[in-house]
Amino acid sequence: MSVEQQDLNLLANEKRGRFQLEAGQDLYGWNEVTQGSVLPAFEGDASNVANQKAEERNYSDYNSYSATVSSWRVIKPVFNIDVCIDCQNCWVWCPDSSILSRDKQMLGIDYDHCKGCEVCVEVCPTNPKSLLMFSEYEDLGDALASWPEKKKKEKK
Amino acid sequence: MAITSIKNLKEFSTSNDRFEGAHTLCPGCAHSMIVRELMNCTDDNLVVSANTGCLEVSTAVYPFTSWDTSWIHIGFENAATSVSAAQVMHKVRKKKGTLKDNDAPVKFVAFGGDGSTFDIGFQWLSGAFERQHDFTYICLDNENYANTGGQRSSATPIGATTSTSVAGTHSYGKKEKKKDIVSIMAAHGSPYVAQLAPNKWKMMAKGFQKALETEGPCFINTVSPCCTEWKFEPKDTISITDLAVDSLMFPMYEIIDGHELNILYRPKNVLKVEDYLGAQGRYKHLFKPEYRHIIDKIQKDIDEDWARLQRREEARV
Numbered sequence: 001m002s003v004e005q006q007d008l009n010l011l012a013n014e015k016r017g018r019f020q021l022e023a024g025q026d027l028y029g030w031n032e033v034t035q036g037s038v039l040p041a042f043e044g045d046a047s048n049v050a051n052q053k054a055e056e057r058n059y060s061d062y063n064s065y066s067a068t069v070s071s072w073r074v075i076k077p078v079f080n081i082d083v084c085i086d087c088q089n090c091w092v093w094c095p096d097s098s099i100l101s102r103d104k105q106m107l108g109i110d111y112d113h114c115k116g117c118e119v120c121v122e123v124c125p126t127n128p129k130s131l132l133m134f135s136e137y138e139d140l141g142d143a144l145a146s147w148p149e150k151k152k153k154e155k156k
Numbered sequence: 001m002a003i004t005s006i007k008n009l010k011e012f013s014t015s016n017d018r019f020e021g022a023h024t025l026c027p028g029c030a031h032s033m034i035v036r037e038l039m040n041c042t043d044d045n046l047v048v049s050a051n052t053g054c055l056e057v058s059t060a061v062y063p064f065t066s067w068d069t070s071w072i073h074i075g076f077e078n079a080a081t082s083v084s085a086a087q088v089m090h091k092v093r094k095k096k097g098t099l100k101d102n103d104a105p106v107k108f109v110a111f112g113g114d115g116s117t118f119d120i121g122f123q124w125l126s127g128a129f130e131r132q133h134d135f136t137y138i139c140l141d142n143e144n145y146a147n148t149g150g151q152r153s154s155a156t157p158i159g160a161t162t163s164t165s166v167a168g169t170h171s172y173g174k175k176e177k178k179k180d181i182v183s184i185m186a187a188h189g190s191p192y193v194a195q196l197a198p199n200k201w202k203m204m205a206k207g208f209q210k211a212l213e214t215e216g217p218c219f220i221n222t223v224s225p226c227c228t229e230w231k232f233e234p235k236d237t238i239s240i241t242d243l244a245v246d247s248l249m250f251p252m253y254e255i256i257d258g259h260e261l262n263i264l265y266r267p268k269n270v271l272k273v274e275d276y277l278g279a280q281g282r283y284k285h286l287f288k289p290e291y292r293h294i295i296d297k298i299q300k301d302i303d304e305d306w307a308r309l310q311r312r313e314e315a316r317v
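If you read the sequences in order, they're chains D and B.
One point on numbering: in the numbering used here, the residue at position 148 of the first sequence is 148, and numbering is uninterrupted.
One point on numbering: in the numbering used here, the residue at position 255 of the second sequence is 255, and numbering is uninterrupted.
None of these hints come from the bench; they were simulated from the model.
There's no promise every hint is true.
Partner residues aside, some chain B positions facing chain D, computed with beta carbon under 7 Å [stated by the list, open to error]:
#, residue
1, E20
2, G21
3, P27
4, D68
5, S70
Here are the in silico distance ranges between beta carbons for each label pair [as the list claims (entries may be wrong)]:
#, chain 1, residue 1, chain 2, residue 2, range
6, B, V57, D, L8, 49 to 59 Å
7, B, Q310, D, F19, 20 to 30 Å
8, B, N8, D, K151, 19 to 29 Å
9, B, S171, D, L8, 46 to 56 Å
10, D, S146, B, K300, 43 to 53 Å
11, D, L11, B, Q310, 41 to 51 Å
12, D, K151, B, R316, 41 to 51 Å
Here the structure is a predicted model, which is why all the values come from computation and not from measurement.
Glycine included, C-beta positions come from ideal geometry on N, C-alpha and C.
Produce the complete structure using the sequences and hints provided.
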């Protein structure tokens with residue numbers, strides 16, 4: 001798989017990850033927050049959200065979809081589509097809604113919302129694993145090139 | 001009710017996420033796994049309320065919200081109260097025909113941590129159950145006040161060290177047993193009460209769907225391992241839950257109408273509780289020779305509780 005296919009902005013809505021959520025930003029103090037404030041998660045009609053994919057939705061700036069926590073990460077998961085069996089274990093247990101799955105197929109990782117917790121790697125059942133952790137600065141192409149071989153079962 | 005198919009994971013994965021990323025929960029937190037699963041297992045509109053706790057402060061970092069549904073937060077203890085008020089308002093406006101879409105199905109859900117469920121919000125929760133509002137209350141049980149620095153709550157099990165029950169030369173950690181919240185809520189006459197764990201995703205999704213479908217107040221206690229306060233690596237969240245369920249520290253069962261108890265999961269190989277305790281930093285001191293007897297006590301309690309659950313299942317009382 002080429003690096004172009006492992007697009008960092010795979011299936012991204014134009015709103016995704018525009019605001020950095022980290023220490024040092026202009027945070028609001030407890031006494032600056034508007035009392036009884038309402039933050040609309042969507043612009044316009046939101047009655048059909050349950051039937052819309054993320055890329056079809058009209059997110060507002062208040063939705064945390066438009067924020068990013070990518071700076072929290074020191075290691076990142078890399079996805080190898082050649083080994084994946086689409087079991088969707090990573091999708092169901094990802095705590096950050098960062099596994100991009102469409103039509104029963106695992107497509108990639110949302111690097112704007114992933115915090116690098118490694119849960120997806122732990123629950124991956126394939127041999128070798130189709131998700132592995134690499135250092136944040138590692139190039140995706142290099143990471144895929146250094147993928148380990150299939151491990152043989154040790155005879156007891 | 002529009003149910004998402006949970007026949008297998010592939011079909012379940014076609015549901016659209018309504019809980020967005022970039023919340024500020026710790027990496028590997030089980031809270032968001034549980035919340036995502038609840039929101040994915042139905043297509044209905046949801047009205048969600050949350051008690052103060054990790055979930056609330058992390059998913060509503062002003063000016064952001066991680067919820068793609070209606071979400072209310074008022075005070076520490078009153079998620080059950082606010083959601084029951086919303087439910088009554090919906091009922092009345094439906095009757096009067098003043099809703100924008102009168103036929104759209106709406107489900108009401110309240111989330112609380114164990115502190116706000118077992119201790120601080122208990123009075124409000126109990127009141128809402130007594131008034132028989134149609135909602136589902138989900139307790140995300142991580143066995144301490146993780147949001148404020150890991151103080152003991154009445155959900156903390158015996159022997160665990162927390163920042164207000166510190167283990168040392170004179171103490172083995174918390175000295176009291178955990179409150180049996182599931183039986184307490186079942187005693188309110190709730191039509192559906194269950195204890196579930198996120199590692200068995202299908203059982204949990206089934207339980208959630210059943211609770212959402214059931215009319216009346218339903219209570220679900222979910223195990224939510226906390227990597228920060230239980231002191232394990234974030235990647236081990238699921239394996240710690242496996243250990244908790246397989247060692248019967250958290251048996252998975254449901255109680256229907258207060259008397260019909262069904263055990264949902266019987267582990268093939270029941271693990272010793274040492275395996276579960278040894279995997280976490282908060283029980284490290286119990287493996288010293290002077291506190292070894294506490295492990296035996298925990299094991300004895302677990303065996304007794306499991307025997308009692310099985311007797312209750314048989315007797316239907």
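Given the hint of 41 to 51 Å, check if D:L11 and B:Q310 actually sit that far apart at their C-beta atoms. Since D:L11 and B:Q310 have Cβ atoms about 48 Å apart, the given range 41 to 51 Å holds.
- CB-CB spacing for D:L8 and B:S171 relative to the 46 to 56 Å hint: Given range 46 to 56 Å: holds, Cβ gap about 50 Å.
Hey, does the B:D68 contact hint survive, CB to chain D under 7 Å?
-> holds (5 Å)
Checking hints one by one. Is B:S70 an interface residue toward chain D, by the C-beta closer than 7 Å rule? violated (9 Å)
Worksheet item: When you take the CB atoms of D:K151 and B:R316, is the distance between them in 41 to 51 Å?
Response: holds (49 Å)
- Query: Does the hinted range 43 to 53 Å hold for D:S146 and B:K300 at CB?
  - Reply: Holds, since D:S146 and B:K300 (Cβ atoms, about 50 Å apart) stay within the stated range.
request  = Go ahead and decide if the range 49 to 59 Å is satisfied by the Cβ distance of B:V57 to D:L8.
outcome  = violated (29 Å)
Holds or violated: is there a CB of chain D closer than 7 Å to the CB of B:E20?
holds (4 Å)
Just to be careful: measuring from the Cβ of B:P27 to every Cβ in chain D, is the smallest value less than 7 Å? Interface hint status for B:P27: holds (3 Å vs cutoff 7 Å).
Distance restraint hint 19 to 29 Å, applied to the beta-carbon atoms of B:N8 and D:K151:
holds (27 Å)
| query | Do the Cβ positions of B:Q310 and D:F19 conform to the proposed distance bound of 20 to 30 Å? | reply | violated (52 Å)
Worksheet entry | Interface hint outcome for B:G21 [beta carbon to chain D under 7 Å] | This hint holds: B:G21 lies near chain D, its Cβ roughly 3 Å from the closest one there, short of 7 Å.
This entry does not satisfy hints 5, 6 and 7, going by the numbered hints stated previously.
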